[in-house]
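Protein chains in written order, with the UniProt record's numbering: chain X, 1 to 381; chain F, 1 to 381; chain Z, 1 to 381; chain Y, 1 to 381.
For the record, the hints were derived by calculation from the structure and aren't laboratory data. Keep in mind that the hints are not guaranteed to be accurate.
Chain copies aren't distinguished; within one or between two, either way the pair holds.
[Claimed, not checked] Think about it this way: if two alpha-carbon atoms lie no more than 25 Å apart in a straight line, the pair counts; the simulated DSS-like pairs of lysine-lysine are:
(1) Lys344 / Lys37
(2) Lys216 / Lys272
(3) Lys51 / Lys344
(4) Lys103 / Lys272
(5) Lys37 / Lys181
(6) Lys181 / Lys272
Read off the chains here:
Protein chains: 4
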Amino acid sequence: MSRFAGREGPIRLGMVGGGSGAFIGAVHRIAARLDGKYQLVAGALSSTPEKARESASALGIPRSYDDFTAMAKAEARRRDGIEAVAVVTPNHMHGPVAREFLKRGIHVICDKPLTATLAEARRLQQAAEKADALFVLTHNYTGYPMVREARALVASGALGRLRVVQVEYPQGWMAAPVANKQAEWRNDPARSGAGGSTGDIGTHAYNLARFVTGLKVEALAADLSEFVEGRQNDDNAHVMLRFEGGARGMLWCSQVAVGHENSLRLRVYGEKGGLEWAQETPTELWHTPLGEPKRLITRMGAGAGPEAARVSRTPAGHPEGFLEAFATIYSEAAEAILAHREGKAPPEGVTYPGIADGMEGMAFIDACLRSSRRNAAWVVP
Amino acid sequence: MSRFAGREGPIRLGMVGGGSGAFIGAVHRIAARLDGKYQLVAGALSSTPEKARESASALGIPRSYDDFTAMAKAEARRRDGIEAVAVVTPNHMHGPVAREFLKRGIHVICDKPLTATLAEARRLQQAAEKADALFVLTHNYTGYPMVREARALVASGALGRLRVVQVEYPQGWMAAPVANKQAEWRNDPARSGAGGSTGDIGTHAYNLARFVTGLKVEALAADLSEFVEGRQNDDNAHVMLRFEGGARGMLWCSQVAVGHENSLRLRVYGEKGGLEWAQETPTELWHTPLGEPKRLITRMGAGAGPEAARVSRTPAGHPEGFLEAFATIYSEAAEAILAHREGKAPPEGVTYPGIADGMEGMAFIDACLRSSRRNAAWVVP
Amino acid sequence: MSRFAGREGPIRLGMVGGGSGAFIGAVHRIAARLDGKYQLVAGALSSTPEKARESASALGIPRSYDDFTAMAKAEARRRDGIEAVAVVTPNHMHGPVAREFLKRGIHVICDKPLTATLAEARRLQQAAEKADALFVLTHNYTGYPMVREARALVASGALGRLRVVQVEYPQGWMAAPVANKQAEWRNDPARSGAGGSTGDIGTHAYNLARFVTGLKVEALAADLSEFVEGRQNDDNAHVMLRFEGGARGMLWCSQVAVGHENSLRLRVYGEKGGLEWAQETPTELWHTPLGEPKRLITRMGAGAGPEAARVSRTPAGHPEGFLEAFATIYSEAAEAILAHREGKAPPEGVTYPGIADGMEGMAFIDACLRSSRRNAAWVVP
Amino acid sequence: MSRFAGREGPIRLGMVGGGSGAFIGAVHRIAARLDGKYQLVAGALSSTPEKARESASALGIPRSYDDFTAMAKAEARRRDGIEAVAVVTPNHMHGPVAREFLKRGIHVICDKPLTATLAEARRLQQAAEKADALFVLTHNYTGYPMVREARALVASGALGRLRVVQVEYPQGWMAAPVANKQAEWRNDPARSGAGGSTGDIGTHAYNLARFVTGLKVEALAADLSEFVEGRQNDDNAHVMLRFEGGARGMLWCSQVAVGHENSLRLRVYGEKGGLEWAQETPTELWHTPLGEPKRLITRMGAGAGPEAARVSRTPAGHPEGFLEAFATIYSEAAEAILAHREGKAPPEGVTYPGIADGMEGMAFIDACLRSSRRNAAWVVP
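Can you make the complete structure from the sequences, with help from the hints?
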């Protein structure tokens, strides 16, 4: 029996992190708001109490806390307390914050990567598995309709047995030394973890490949670089992948690829066809069946299936954005949370990344680091 | 002194039209919600009272009315009544509904085209000009950051004196007879007005060209068609344009262009350069300065200016969507509404389409019809 | 019985015009050479005898003439004289030169537009119809394999009854006053004819639309401009088209569209589908069948038909160029010339533009000028 | 003193291999013909004498030989003998054929890869170094103008010190078992060599990266696959690269990537900018300078440099093709051959791939095989 049984209306949401100047906190807030399924009512938006209060006030959040433990305790006690919390701190705080809420039965929607260290990830995993609460990880790219379509295409067998998986996520914003808040903590292993580009964007690429293909990675060989002087974490990674069943692949992530903004791209080739999807033109999915003309499938366009339609809000031709895909993760989570109120499983089709995806991401980062230290030897992630 | 002087918090919003099954009502609701500046508290969502109530209940809207006049009266009397209303009915009702609210000092955010007839448009114009309330028309494409950038580029003189303006808006969804609700009222002159594709999408194209170039159209010559049997309004229009100052252009809109979804596209050429923007890849703006390599400017990317940044929510590389551009119109309107509370002008830079744009759109439709009836003679819009 | 009956080996070719510094002469020479079906053996490459001789010598052409009449006479007398002549002079000389060779039974391969004036065109038409020699007009874009594919697609009925035809050919190279040889004669009505952009590139666009759709134009309304100071001929044209059977269209050609190089593009929409082809990515043809995903057909790729394969030289993925399409016109002509040696019709499938296409182009230019002088009234081309 | 001193006119060319049904022989013939600098006068087009004779006759080649040794001897003795020979046999015959001509002072233009085995490559290298004749290897992609432009851009320092090099060459034509002549010998290690996709297309990718960046590869780690049953040579290769000076890269080549035709693509990132070039849109080069809008440079367009112009034949906007790039290799070789007649060095700027490039390609194949056998260990190529 859920402690939120009987609740009605929008899900009351809290937020930890995301004070003024943060990028991802604002994204989470919009994502929560877009479909009208959440109401943000409490926050510990900064580890600096005054900043936390000012941020909450500026955002019109009724209840502001000076620290997340106090928040967890107080909210858990309230009859109208939060039902879910968004964790948008730097990576090293994900675990401590999330555990505080999970143990009180409050659902957690957490930014990625899961944590800064593998040890901390394991602690969080245990907490998540023990808790009577959901743990949602915002691998937001899986919220794009055409990513759902791609997964359905693979699952349908349209590509046949898979052979080759190419995934990449180049960015250019850290090509020169960067001195803003976003770059600073990402380059501090204590806060970000030991993975640089691998943790920040490589995990997204890895998760996307896993999500669409469904294939496990049996081994990887990684060659990491720190190109910019003073950089402590990798800012470029070349990774060779071996999947179960014999498929092979490559993953490239980079934060020094000048000219790229957020160029996540996945290409999959099987015996009977190929597919290609790119985040910067997310409405399009290329499907190339063997021996037939190339097909460009568009969101809600002719030939697009129900999986993409389930998470679409507008007809074809209305470009979807990053925020809408992010909102879909929130709304999928909302479906699961509402079902949880009544002790039920989420409705059919509801899909969101969870603790297992987070653990896989951590294993990926760890494997990349281990492999690279051993001169790109094959390791098991 | 505004009747809403002293109000705080999100703007209380009502909605007329937009019951279940409607497309644009849902878009307006998301747009209003996205930036957290509105709260939807009342509605007359359908002209069928039962459907109105059911829709309001399903959407969690607290106050449902059976008809818009009752709504206008009741809300105007409430201390916590709505401050603004979204009008998302079929075209013929825009005027009657909007006037009912305007005359009570309630701001109106109205879908386009302005009305079904020019006569009705003039009545609405008078009402809007007399009212102590804002009138906002959702020519939503002007909410795209790179459309703002394009306008700034022209205004900066970077293109020099303009010569040629090519704008087009092809769709394909009405290529065969369509039997859904969206198509039905669009094909009924009594509800849609006498313009078909000209009114539904031609006005968007016209508005976009006007918005970016700033040039008035002095004359146009239009050749309208009804290709699909049984269609009463035009489903394809070819229009030649003559702008003040000597620039020439073409406008093409179509709802029978199979293969197109929502392919609004603008190209402008001046003495010193050209630009190109397309709605289906809205994050990109091509700028082609005379004698230099082509430049691809991206939202928040290198070289993009403050006008685009003002209406952006995320860093470069995070594709923006239709809903975000639409939300920008709502948020620009919110800025103006908040300033109006205090009897002030909107903050610098705030830009949204209003009654004058609506009148221009109506004049465009009317001119197209007049010209086409006279075998594409030149007429003044 | 052909006067060249019994000849063997490559076709002996002459050239009039195309001396050093000319653009199109060099293109014709490469086109003639590419498939090895011609041998250039004689020329009157310039109206300045010395320049003619120097050019011929530099190009290794064995026989140089000071003027084209002398050349026609001498070559016609030789046992090893030329069998065909390429006419690559400015427009006003096409007719006089071509007639001189046609009347001696020498095949003519002539650049477009046909002539500088309609009167001259009619004289040439008579000469061509009377002569026992072929007249080939290098509307080279019809040599692209995917243009052949597009035509076959329309002819197959895959698009159903046609409704809308959009064709455009923007260039930007004359956006500022241009002082080179190419621009100079194009801007001299005496040499170029009264059509500017209409004659130089509009005729190509018109021919392409005609070639692919097979539809005759019943009426057109044209609005021509001369944007650059000192320009005597149009440098921009907006044209509305009405085709037989009810299809409507637009043609835009411009030489002041900064940022465009040679952006010939055709889009055709019918009841059952659409197609799009662009000269700058000539290997691709979009086919958008109603109710199905968009298809990208590539030269020699899956789903491409025999018409494109007939004029292809390499497998899929090897981009074809302008020169190859131009060479195809030469090679199609060669097939016809070889058949003519034996008094036969060309082999099945052989297709090249001829005198009728030339006359249509002239009628198009003339109609544009007549219409524009009458304020874009509808005229019959 | 060259044995061809004093010759004039086009270079007399012979061909070994390339009989009817061969793909690459026809390409070489067009390439030789396109710029009019060669004349094909002799051939041993097949190892089957009858087929050799029939092919020569069909092509109008005056002198046909039953075997290449006889051809080399006879031609070397003739006063009007060939000055150069094109070697277009399967890989295992490149060496034996080329040596036969080189030792007689006849220039060799040879298809790639250099030979089928490293041992044979070394023999050919010795022969080439000893001979008073040129050895040209048709790594044809270096003939594209925008590849020249890319190289010049890197050399100019516009990208700064290089960091990341991504090159790929996916094809899909061997995704299913293929039973034609092209596929057959490629899958026979005795004729093709031990490299499959690595030899056939990986060498092109490797050469392109080397050509543009100028950087040597210090080590590579390769993971090769044979996905299609019965395939003896690799049909997919993932390779990590380490360049001198610290740059890192990846090379992917595949013949089972369904949906790709000939998708050679290079991306280079340095401290100050990036570039991207793709073979299927060869006219375009992206240059992305740090902190500035992306630039699209086009062949002969604004901002393109003299290196691209040197090897261009038409103005901007006239798409260039595969055959034109291939012809450029022939024409560059012709420049060198003409200079060699007079004992001179080639004119400034003349660039073509030679024996050293061939040896590098062989070392690449060999290194890939060695690395893959050792589970993708790093090896020195």
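query = For the identical chains here, do lysine 216 and lysine 272 meet the 25 Å Cα criterion within one copy, between copies, both, or neither?
reply = within (20 Å within a copy, 38 Å between copies)
inquiry  = Within a copy, between copies, both or neither: which one fits lysine 344 and lysine 37 at a CA-CA cutoff of 25 Å?
reply    = within (18 Å within a copy, 34 Å between copies)
Intra/inter-copy verdict for lysine 51 and lysine 344 if alpha-carbon distance must be at most 25 Å = Neither, since 39 Å and 30 Å both go past 25 Å.
task = Up to 25 Å between alpha-carbons, please classify lysine 181 paired with lysine 272: within, between, both or neither.
result = between (47 Å within a copy, 23 Å between copies)
ask   = Between copies, within a copy, both or neither: which fits lysine 103 and lysine 272 at Cα up to 25 Å?
value = Classified as neither; 48 Å inside a copy, 49 Å across copies.
inquiry  = Regarding lysine 37 and lysine 181, is the shortest C-alpha distance of 25 Å or less found within a copy, between copies, in both, or in neither?
reply    = neither (31 Å within a copy, 27 Å between copies)
Taken one by one, the earlier hints fail for this structure at numbers 3, 4 and 5, listed in ascending order.
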